[in-house]
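Asks: Line by line, the protein sequences are chains S and P.
Just so we're aligned: the first sequence equals residues 6 to 114 in my numbering.
Just so we're aligned: the second sequence equals residues -3 to 109 in my numbering.
Derived by calculation from the structure, the hints in this document are not laboratory data.
Glycine included, each C-beta is placed from N, C-alpha and C at the ideal position.
If we take Cβ atoms under 10 Å as the criterion, some of the chain S residues that face chain P in the derived model are:
#1 39
#2 48
#3 49
#4 50
#5 104
#6 107
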Amino acid sequence: DAKTTQPNSMESNEEEPVHLPCNHSTISGTDYIHWYRQLPSQGPEYVIHGLTSNVNNRMASLAIAEDRKSSTLILHRATLRDAAVYYCIRTDSNYQLIWGAGTKLIIKP
Amino acid sequence: DTEVTQTPKHLVMGMTNKKSLKCEQHMGHRAMYWYKQKAKKPPELMFVYSYEKLSINESVPSRFSPECPNSSLLNLHLHALQPEDSALYLCASSQDRGAYGYTFGSGTRLTVV
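Work out the full structure: start from the sequences and follow the hints.
Replies: Encoded structure:
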């Protein structure tokens, strides 16, 4: 089974960009890459997803390596409200979510 | 309406009780999901309903019984649970099979005593 690996935790300063890495070295050609984040005692919140091309939305950017074996979630200007656990996820052939273990993002004021 | 609503938010039940968790969405999504999440772990898929039919059961014990009365509602009936079943239970929905993302509810925090 393909593994999705992420660092356990990362720290960043407020109002600076944050780059959250993810490795998915055995991802198949049709698997999407999703990112969700979860605040304490809340459900996961959709952040962004993509297949091959880089993607931008109002929350973040997703940079996908050309070989698709890794990706990076970019928060352009982190705020204290961005502190959460960020999950890097691939979808299987049935579009079900295969979750990574998550990266706890700590934002320092 | 762009939300998935779960009730109750908290539930404490004894091992001999019968209770139900409820999930509702009005986004027209045709797939609905139950997940179980233990502390400091990612959510684990339990059940998937697609067009009101159970399509995936991830080998969940029979003390958990899902029900989808219509395309907007999803229930999880609980009976004879064990203390290790204490967890956050999350409901989610998606358009069709989820290629465009999933919407999660805030969850029900279940404690079995």
